[in-house]
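Residue numbers (our numbering), protein chains in the order written: chain A, 1 to 305; chain B, 1 to 445; chain C, 1 to 270.
What the hints contain is simulated information worked out from the structure, not anything from laboratory work. Keep in mind that this is a model prediction, so the values were computed, not measured. The beta-carbon is built from N, C-alpha and C at its ideal position, and this holds for glycine as well. Incorrect hints may appear among the rest.
To be verified - DSSO-like mimics (lysine-lysine), calculated; alpha carbons at most 30 Å apart, straight line:
#1 A:Lys216 to C:Lys156
#2 B:Lys75 to B:Lys390
#3 C:Lys6 to A:Lys110
#4 C:Lys97 to A:Lys110
#5 B:Lys390 to B:Lys123
To be verified - Which stretches of chain B does chain A cover? Using the computed rule of at least three CB atoms under 8 Å from a CB of chain A, they are:
#6 260 to 270
#7 312 to 323
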Amino acid sequence: MIAVKDQIRVRPKSKRRFSTLLEGLLYLLPSILLFAVFLFYPMFKTIYLSLFLTDAQGNTQTFVGLEHYIQLFQSTSFLSSLKATVLFVLYTVPAGVLLALGLALLANQKLKGIGFFRTIFSSTMGMSVAASSVIWLFIYNPTIGIANTIIKTFGMTEMQWLLNPDTALLSVALPTIWMNTGFSFLILLGGLHNIDSSLYESGKIAGVGDFYSLRKITLPLLSPTLLFIVTVSLINSFQTFGQIDILTKGGPMESTNVIVYSIFKDAFVNFNIGSASAQAVILFTFILAVTILQFKWGEKKVHYQ
Amino acid sequence: MKKSNILVTLLTLMALLLAACTGEEEPTNGGAVQADQPKEKTEVVFWHAMSGKLEEVVDQLVADFNEQQDDINVKAVFQGTYEESITKFNTVAGTKDAPTIMQVFEVGTKYMMDSGKIEPVQKFIDAENYDTSKWEQNITNYYAVDGEQYSMPFNSSTPILMYNKDAFKEAGLDPENPPTTYEELEEAAKALTTGEQYGFSILNYGWFIEELIAAQGGLFVNEDNGRKGDATEAVFNGEEGQKVFQLISDMYEDGTFYNTGQNWDDIRAAFQSGKIAMYLDSSAGVRDIVEQSSFEVGAGYLPVPEAADREGVIIGGASLWMANGIEESQQQAAWEFMKYLTSPEIQAKWHVNTGYFAINTEAYEQQIVQSEWEKYPQLKVTVDQLGDTKTSLATQGALISVFPEARQKVVNAMESLYQGTDPIEALNQAAEETNEALKMANRKK
Amino acid sequence: MTMKKKVILYTLLTVSAFLMFFPILYAFLISFMQGGEVLKGRIIPSDFSFTNYSAAMQKVPLLRYLFNSFVVASLIMAGQVIFCCLAAFSFTFIPFKGRNILFLIFISTMMIPWEATMVPNFQTIRSLGLTDTYFGLSVPFFAMAFGTFLLRQQFKTIPHEMYEATQVAGVSRFQFLWKVVLPVSKTTLVTLAIYSFLTAWNMYLWPLLVTNDEQMRTVQIGLKQMQSQEVSTEWGVVMAGAVLVILPTLILLFLGQKRLQEGLTRGAIK
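Please model the complete structure; the sequences and the hints are all you need to start from.
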């Protein structure tokens, strides 16, 4: 009897929990289905392929276990790819986010004609990577490009931006920042809009300076948006491909051969599908780790209203 | 008001989604028209990587072919760059989505042979005893092994030395006598180097190194340049290769060589803006350069070291492959199209409109070619250079499964020269890395 | 606002606008150049005629491509907005077990390199017989972790008391999403829509793989088709094409911007 009573008492609760689960999953179902087919299936296939030698068509030939991984970590070329990737992220993410934040703060003023400036600032997100990269190719051109014309007017000697291993990665980073700024700007501006303007007004009444209100009101309230932008910029930066393909093709001397580009070359040009897969798995793990760390650290600092 | 706005937007979005799921038949409209015709044409799908002006020429050729007969309909489809189209071919080869004719760049030759997805065109040549004596052997040889023709050369080019005649005059050099040896080249470059102007440049592209090695009779890999069996070792770091690298390194240190990177447009811009006075270009690009430059442009043979015998050049570009595993009638139709392409008239048009070589030497006797040559004598230089080429293992070109990778290694070595790496060391490193790649590739067999 | 501050702000705005917009302006100028003018290092074209534009329109069926891109981008935009709304709502307001793990799995999909997915997905689409269809071009992108993440960040700023209040009042969850969450999140939704549209608009490799029929190809393929390899490219024509291709996106951005501003002035947030 007691047992039955318990059951009756328990059932509605667990039933409710179950129905919550069901409802939650129902909302997620479309996404989960598509992810399963178009993301997880290829990913598992990639992991599988990374354990084999494959022929040029990508059919598995011989099982080699972790050989591809071991080889990669012994290869100087892959290690320099790793280094280039990390450097590239360091060059692009902080600078990109700061630039976008600056522009968003600037464009968040209530001024006449501000809509025009906002469109201009966000316009780079309308540019396809292919078109932008070609433009930057001309800008950097050692003989006819504007970059050197500008440098020369400042009395410096002309540079071979993309041909010098020391400057190539930075020179690719610059257009990348430019391309990503449009989007980050738009998101951050949206985040700024969401901040209650009465907070600023009360700040003004209290006689607080602009910089103080930026630090104490704007940034904390903007933190969820900032977390988002940082995460997305990180991931995008790790996966940068198009501009490298057009501007440097991974050179000179592999100084811009970031992992994604190296994967592309191995998979689509050299047909080393096994090794390309192994690199893809490593890259995936790497970004995952960085993102988890960033979340652990970031979510604590983020203020949700 | 606000809420209903969102509602409307969302509903429209939903409607759009639904419309997409039901509205798929739209694109098939084009196919229906053809089905109405009484006689069923054999469809030949032709995948190519020809973009820009070249695509217009290809489309024109195909349209002309479709018009002049009633049985075959060729459909030319642009499939991105050579790399992209070969990736796509890989995925669909052997299925109903596969093309009948596939254009593949020259370094993909060995890869296609080994793929098992192609039918050598020799089969069709033999079947009707087709006369190939008019074909330029220096072109067709590249795509043949042991006398068996695997694919049909399509867009073929070779490297050529381009120079600024005005700059030659200014430097006191004979504008009608471009340098032909390394020694002369170095001397000319020295004379041409003045403050803003550099003497010479080579694109950081593996093809040019292969050509400069072959011009002296050097091989790229062992096993007779990969034509006797699967290559197992790179030999491009031999004497000939070392001379090439030494030349670049010496000239760079001398300040007479300008590094222009990997991009064709960059090196051409450098030439047209007077930054460099001589450089190596593809024969296919010659006419545009002549047309667009504000000074007189000359063309010359690839230089070789004084002590070396000139062997000639290897053919570059791409060829057309016939797919297997498709209906014989389709293959036959594709063969008809290929034959059409090699006729003298078509080849003459091709040469004149694109700058690529004609594989049928009779084409050069056509009137349109002759008058074009009068206008652009530089084009004739490219044809002569090819005609003067001695048939040998070196000029036949290498067959390597990992050719694209080998090229990347060579480019890497070239780039390291500009950082002061010892040329022999750089070359050996590239050879070693290529050996690794070859070893890996041979394991997959 | 003081006059001095206004002047400083406008100066800053103008300078940064010029720097940001310069590459696009440069492309615009190149689009009027003929033949080798670009390679000679000119910045201002010798004359402003529209020959390159008409050449670009003739070279590839650009209008058809624009239409296709528009359909595909709109579909992807619609799919993403709907699917991401549903998913983000679930992650924010439905407290089911394993939610955080599932969210992390969602986020992890952003890190899968596209090179790994492209070929298998092409095979999937092909075996479903969806090549050369709008549906095949767009369906793999309907779900997106990034959008889910963006909306979740937004939904989280909605005070939880609001949700509890509606729960007490017996309003269903879906109605809460429909009547409260979505209207409040309008700015973010527009942002997401713009982003989805533009990313889809800029896709190149995927449309190239899944289409063979010229009638189904998209603008980025058209741009690539205008560029030559080995022989010289007519950069004027390519840039004219690029300008034609970014024009719709710039207009979209401008309109989206306006909507965002309207949202602001109405004080729609909270």
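Here's how the hints hold up against the structure:
1. A:Lys216 to C:Lys156: Given pair Lys216 (chain A), Lys156 (chain C) holds - Cα atoms ~21 Å apart, limit 30 Å.
2. B:Lys75 to B:Lys390: Not OK: Lys75 (chain B) and Lys390 (chain B) at ~38 Å, beyond 30 Å, violated.
3. C:Lys6 to A:Lys110: Holds, at about 10 Å.
4. C:Lys97 to A:Lys110: Violated. Lys97 (chain C) to Lys110 (chain A) sits at ~45 Å, over the 30 Å cutoff.
5. B:Lys390 to B:Lys123: holds, 27 Å
6. 260 to 270: Holds, because 8 residues of the segment 260 to 270 of chain B bring their Cβ atoms closer than 8 Å to Cβ atoms of chain A.
7. 312 to 323: Coverage by chain A is violated for the segment 312 to 323 of chain B (0 residues, Cβ < 8 Å).
Violated hints, in rising order: 2, 4, 7; the structure is consistent with all others.
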